[in-house]
Every structure is written in structure tokens, then in C-alpha cells.
Amino acid sequence: MSEEGYMLLQIGPQHPGSGHMRMLVKLDGDVIVDFIPDVGYVHRTVEKIAETKLYIQNIPLLEKPILNDSGNANLAYIIAVEKLLDVEPPPRAQYLRTIMAELSRIASHLYGIGILSILIGSSTGFMWAFGDREIFIHLMQMMSGARITYSYMVPGGVRRDLPDQFREEFRKAARYMRRRYKDYEKIIIKNPVTRARLEGVGVLSREKAIEWGTVGPNLRASGVAYDVRKVEPYAAYEDIDFEIAVREEGDCYARLLVRFQEIMESLKIIEQALEKIPNGKILAEKYEKMIQPRAKKLVEGTGRIKFPAIYVNLKPPKGEVFSRVESGKGEITVYLVSNGSPKPYRLRFVTPSFRNLLTFKNLIPGHRLADFPAIYGSLDYFPPGADR
Amino acid sequence: MGLLTNLVDHLKAIGTGLKYLIPRRLTLMYPEYVEKLPEGYRGYLRYDNEKCIHCSLCARICPANAIKMYRGGDKKLRPGINYTRCIFCGFCADICPTGALEYTTIQDIAYEKLEDQVYPPEKFAKGVPQPVYPEKPIFIIAKVDEERGLKYDRV
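Each protein sequence line maps, in turn, to chains A and B.
Following our numbering, the numbering of the first sequence begins with 4 at its first residue and continues without gaps.
Following our numbering, the numbering of the second sequence begins with 4 at its first residue and continues without gaps.
These are computed hints drawn from the structure, not numbers from a lab.
What you are looking at is a predicted structure, and each value in this text was computed from that prediction instead of being measured.
All C-beta atoms in this analysis are idealised placements derived from N, C-alpha and C, irrespective of residue type, glycine included.
Treat the hints with caution; some may be incorrect.
[As the list claims (entries may be wrong)] Here are the in silico distance ranges between beta carbons for each label pair: (1) A:K292 to B:E53: 22 to 30 Å; (2) B:E53 to A:E188: 57 to 65 Å; (3) B:K126 to A:K300: 25 to 33 Å; (4) A:Q295 to B:P123: 25 to 33 Å; (5) B:L24 to A:E278: 36 to 44 Å; (6) B:G20 to A:R178: 20 to 28 Å; (7) B:P123 to A:E214: 54 to 62 Å; (8) A:T127 to B:P140: 27 to 35 Å.
[What the hints assert, rightly or not] Restricting the straight-line Cα-Cα distance to at most 25 Å, the calculated cross-link-like pairs of lysine-lysine (BS3-like) are: (9) A:K175 to B:K146; (10) B:K39 to B:K129; (11) B:K39 to A:K175; (12) A:K67 to A:K51; (13) B:K146 to A:K185; (14) A:K299 to B:K54; (15) A:K292 to B:K54; (16) A:K67 to A:K346; (17) B:K146 to A:K271; (18) A:K185 to B:K22; (19) A:K86 to A:K51; (20) B:K139 to B:K154; (21) A:K189 to B:K22; (22) B:K71 to A:K56; (23) A:K86 to A:K318; (24) A:K346 to B:K71; (25) B:K22 to A:K193; (26) A:K185 to B:K15; (27) B:K15 to A:K193; (28) A:K271 to A:K193; (29) A:K300 to B:K54; (30) B:K126 to B:K116; (31) A:K318 to B:K71; (32) A:K175 to B:K154; (33) A:K175 to A:K279; (34) B:K146 to B:K22; (35) B:K71 to A:K67; (36) A:K175 to B:K22; (37) A:K86 to A:K292; (38) B:K126 to B:K54; (39) A:K56 to A:K318.
Let's have the full structure, built from the sequences with the hints guiding it.
Below you can see the structure in the form of C-alpha cells.
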């Protein structure tokens, strides 16, 4: 990249403007001719660390890379472990997981919208999205007891039942968000500045999206109605009626709209889940009966569970499993190999940002430098997630 | 997309901005105001020496190796915690069969030295560290509000 007549521009690796990565941009005038995302600045060997920890100890570990969507990262791993252990969580736990995953998706989308807004210079969009994200964090804190690192799901179920005030609080939050969406529409979505910056920019065609293995809202914005929640339903998605947000245009604007549509769809999913949620236990019978009776007494009436002592010694039989969930940014896949010991033999953890990296690399060349932040923001690329 | 629609959309955006001109703060002026966290929040841990049955489950489940078992004068194992490592997942409290370990809603503790954050069993059993505020704060509870998103009620 040192030929005559071109300029090599480095964006990053300082955090503002580039995220935790360096981007090498080769410019001809202000047109980008080549682009290399230099990733790996926040590589934390998550997969290798996972081999040194017990199955239960990997729950908080795998949340950390996808911190702004940790509910879904948690779910992907737990589904894999349950497949290995051959445990089926009770229906109530499945619904609680769905609620958690959807709240997490809303928070993740608001995060993405906020980052896109600030990258195209709309501080209002940034402040609004991050402010409203706080409401959903508040709801998830009610459910799990932590703001960001929920560690809510455990093999065989979930750690806590719905708190009493949750329904009422969620009803208010949903109403607020729907009303607020009308304001979002005026101040961000239909704002002529946003449209000028995003419409027709970074067009990802349907064919290219499939060829480059794009996942998540970025894929759906290019006209491919692919969603793991529909293709391979997990948790309680089978019983829930929802639509996949799809747009045909494939530009940055379509990606923004898909995210907003999905937030609205998620609100509907949670409402349905709260309506249909059955009564019953939140931990599988197999583990429930292993909890000591005196320990059970301690948490009676609090809606919490006590872990059975077996959790520190989970030894799944030999085998290999594969699980996937649709997170806010796209498909998370976990490939887990057990050799019968209390620690995983191998854990492959593929995050949506990692899979969107190729799209990111290929989509940039041909655009002007001024469009670079818009495309980067619209892909909702999360460097810690990609590097792991 | 004519000039006129553009103008209308611009005006709508400005109008929406004006609607929010009166400050409705979502943030909290800490430490003058402090959020009282709900029961069940996973904060600092309380250790009860009397209830402990020396089973070591807390140390075995700890994902961050924050809890370590110490052998005391009576040859029994008791947990100590290193808060520089703790990630507040609450696994230790959830697996404790006797309720000797419990989470509290305390979360905002400042330390002068790193070493101060290590709690051997004797220090751990003495009680939960209490936050220090410059003056007596006003405690509030956060609630979802249809109008403002989040609102803060005084306790």
C-alpha cells in the first residue's frame, strides 16, 4: 500500500472514532481504494481461557466479549451446555430466557443506533439512544440483579423468577418506548441530515450479503429474511408470533430502520411472552432435587434459586455440540467439545461482529472517506466482540 | 423528495427538539443523590462466620478466583475474598448451602490501597464495608415512568 499517488490514512487505534481497532485506509483523493481493518487489539483469548475453567465458570467469561448484548451471549453458551448434559429447562425458564434475550436485544440495538448517530454527528441521537437504553438496563437489573453482566441463565434453567413489579414496569417502558419512537422518527429517522448521510450509502446487495456471510440486521437490511429465531427456534420462540424485520435497499439507512423495527418487534415479543408465560419451576427437576432442603428454605418466597453442589462438578459425557442464537448484532454460534472432564476440551465462540468483518472490509472500498463513519456505524461492528 | 418536504422534516426535527427543551434529567447527581438498590442486587458480599460449614463450594465455583479458603487456628477452612478480582456474579452466594454468604445492595466503595481490598476470613466476617459520602446523601429509588423514561422517587 505504498504506491505513488495514494495516501495511506490510519484511523485509530485510539478509541474515539475507531473503536478498539486500527483501520488502514488507502485513498485516491477522497475515494477509498483499499481498506484493511487491523483487528486484534482487544483479543483476550476467551476460547483458550474457557478450556481452563469449569463449565459453570464460563458463563460470566463468555458474556464479557459481547458486553452490550450479554443476555444473548449467555443464552448461546447455555444451550450448548444443556445439549451436552441432556437437560431440558422447564417451560417457565424458557419464557424467562426469551424475555431476557429480547430485552438484551433492545439494549444492543439502542447502543448501535447511538453509536451510528454520534458517528454521523448527531449528538442528540447518541444521547437519546443511550438514555433510553438505561430503561431496559433497569428492567434487566430487576430480573438478574446486575446492570450489564447478568449471568442470568444457568444449565437447567434461570437463576431468578420474575420480580413482582416487573410486568407493571415493563408495561410502562413499552408505552414510553412506543411514544418515544414517534419522536425518534422526527428527530433522527426522517431528519433530512440523517437521510442525506445514510440513504444510498454503503449499499450491500443481496447477493454480496450472502456471499460474504453477513449476519443479523445487516443481512436482513439487504432483503434476506433470515433469522435464527425462525429458522431454528430456541427458548420459547416457537410459541411466539413475530415478524422478521426486512428491508430491500441494503444501504446504511435500511440498516438503521431494521434496528428500529426490531426494537418495536421485541417489545411485542416480550408482551406476548409475559402473557403466555406458564407457572411452574424455573430450574430443571434433575437439579432441583439435588438442592439441599435447608438451602431451599433460605430462598423460599424470594423467587431465587440455590445452586445444587453438582454445579462445581458438571461432567458432561463425551461429545460435540453446536448451538446458535440470534443476538442483537447477528448470529452467535458456540461449538463445544467435551471429553468427559469437568472443563471443556474445546470451545469455539463465533461472534456476529467477527462474521461481519468481511462485509466491513469489502463494503468500504469505492466510497468517499466522509461516508466511512456512516458505514462503520451502520454495521454495528463491535471490536471486543470480534476479537474475543 | 422536494425542497418543501425537506423543509417540513427539518422543522419537525427542530420542533421535537424544542419539546425537550425543559430539562428532564435521566442522570443522577451522584454523590448528592444515591440510588437505593432493590433487594436482590448483586453487590458486596456479607459473610457470616457462624453459619459457615467450611464446605469450600464458594471458592470452587468462583469464576474469577476471587475467593480463597484460609485455614484458621481451629484447622477449619474459611473463605476470604479479594475484591480486586471479584466480578459480582453472585455464584458464591447462590451456591452457599447455609446462607453464610449473601449479597448486599452495597456497591460504591472506594479504597486507598489495592491491599485494602483483600479480605481474609477474619476481616470478611467483620461486616460489609460501608460507602463514605462527603455529606449525607439523598437516597432515591429508580422507577420506569411513562413520560420521562426513568424517574427517581425519594425514599
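Okay, the hints, checked on the actual structure:
1. Between K292 of chain A and E53 of chain B the beta carbons are some 28 Å apart, a value that agrees with the proposed interval 22 to 30 Å.
2. Separation of E53 of chain B from E188 of chain A is about 59 Å and conforms to the stated range, judged on CB atoms against 57 to 65 Å.
3. In this structure the supplied range 25 to 33 Å holds for K126 of chain B paired with K300 of chain A, their Cβ-Cβ distance being about 29 Å.
4. One distance hint, 25 to 33 Å for the beta-carbon pair Q295 of chain A and P123 of chain B, holds here, with the actual separation near 27 Å.
5. In this structure the hint that L24 of chain B and E278 of chain A lie 36 to 44 Å apart at CB holds, the actual value being about 38 Å.
6. For G20 of chain B and R178 of chain A, the hinted distance range of 20 to 28 Å is satisfied, since their beta carbons lie about 22 Å from each other.
7. Between P123 of chain B and E214 of chain A the CB atoms are about 59 Å apart, so this pair conforms to the stated range of 54 to 62 Å.
8. Between T127 of chain A and P140 of chain B, the C-beta spacing of about 31 Å keeps the proposed range 27 to 35 Å intact.
9. Only pairs whose Cα atoms come within 25 Å are accepted, and K175 of chain A paired with K146 of chain B is accepted, the gap being roughly 10 Å.
10. For the suggested pair K39 of chain B and K129 of chain B, the alpha carbons sit about 23 Å apart, so the restraint of at most 25 Å is met.
11. With a C-alpha separation of about 21 Å, the suggested pairing of K39 of chain B with K175 of chain A holds against the 25 Å cut-off.
12. Proposed proximity of K67 of chain A and K51 of chain A is supported: the alpha carbons are some 14 Å apart, at most 25 Å.
13. At roughly 22 Å between alpha-carbon atoms, K146 of chain B and K185 of chain A fall within 25 Å of each other, so this suggested pair holds.
14. Between K299 of chain A and K54 of chain B, the direct Cα distance comes to roughly 15 Å. Compliance with the 25 Å bound is thereby established for this hinted pair.
15. Simply put, K292 of chain A and K54 of chain B have alpha-carbon atoms about 23 Å apart, close enough for the 25 Å limit, and the pair holds.
16. Taken as a hint, the K67 of chain A and K346 of chain A pair is honoured in the structure, with Cα atoms around 19 Å apart against an allowance of 25 Å.
17. For the proposed pair K146 of chain B and K271 of chain A, the alpha carbon gap of about 21 Å is at most 25 Å, so the pair holds.
18. Straight-line distance between C-alpha atoms of K185 of chain A and K22 of chain B comes to about 13 Å, which keeps the hinted pair within the 25 Å bound.
19. For the suggested pair K86 of chain A and K51 of chain A, the alpha carbons sit about 21 Å apart, so the restraint of at most 25 Å is met.
20. Only pairs whose Cα atoms come within 25 Å are accepted, and K139 of chain B paired with K154 of chain B is accepted, the gap being roughly 21 Å.
21. Annotation: proposed proximity of K189 of chain A to K22 of chain B holds, straight-line Cα distance about 12 Å (limit 25 Å).
22. Distance restraint check for K71 of chain B and K56 of chain A: the Cα-Cα separation of roughly 16 Å lies within the 25 Å cut-off, and the hinted pair is therefore satisfied.
23. For the hint pairing K86 of chain A with K318 of chain A, the CA-to-CA distance comes to about 13 Å; that is within 25 Å, so the pair holds.
24. For the hint linking K346 of chain A to K71 of chain B, the alpha-carbon distance of about 20 Å falls within 25 Å, and the restraint holds.
25. Among the hinted pairs, K22 of chain B with K193 of chain A is consistent with the structure: their alpha-carbon atoms are about 17 Å apart, no more than 25 Å.
26. Proposed proximity of K185 of chain A and K15 of chain B is supported: the alpha carbons are some 11 Å apart, at most 25 Å.
27. The hinted pair formed by K15 of chain B and K193 of chain A meets the criterion: a straight-line CA distance of about 9 Å does not exceed 25 Å.
28. For the given pair, K271 of chain A sits about 23 Å from K193 of chain A by alpha-carbon distance, which is consistent with the 25 Å threshold.
29. For the proposed pair K300 of chain A and K54 of chain B, the alpha carbon gap of about 14 Å is at most 25 Å, so the pair holds.
30. The hinted pair formed by K126 of chain B and K116 of chain B meets the criterion: a straight-line CA distance of about 16 Å does not exceed 25 Å.
31. Proposed proximity of K318 of chain A and K71 of chain B is supported: the alpha carbons are some 23 Å apart, at most 25 Å.
32. Restraint check for K175 of chain A and K154 of chain B: satisfied, since their Cα atoms lie roughly 12 Å apart, inside the 25 Å limit.
33. Of the supplied pair hints, the one linking K175 of chain A and K279 of chain A holds, its CA atoms being roughly 19 Å apart against a limit of 25 Å.
34. Between K146 of chain B and K22 of chain B the alpha-carbon distance is near 23 Å, which keeps this suggested pair within the 25 Å criterion.
35. A distance of roughly 23 Å separates the Cα atoms of K71 of chain B and K67 of chain A; the hinted pair therefore holds under the 25 Å criterion.
36. For the proposed pair K175 of chain A and K22 of chain B, the alpha carbon gap of about 21 Å is at most 25 Å, so the pair holds.
37. Proposed proximity of K86 of chain A and K292 of chain A is supported: the alpha carbons are some 20 Å apart, at most 25 Å.
38. In summary, the hint linking K126 of chain B to K54 of chain B is supported, as the alpha carbons are separated by about 16 Å, within the 25 Å threshold.
39. Note on K56 of chain A and K318 of chain A: the hinted pairing holds, with a Cα-Cα distance of about 12 Å set against a maximum of 25 Å.
Violated hints are absent here; each numbered hint is respected by the structure.
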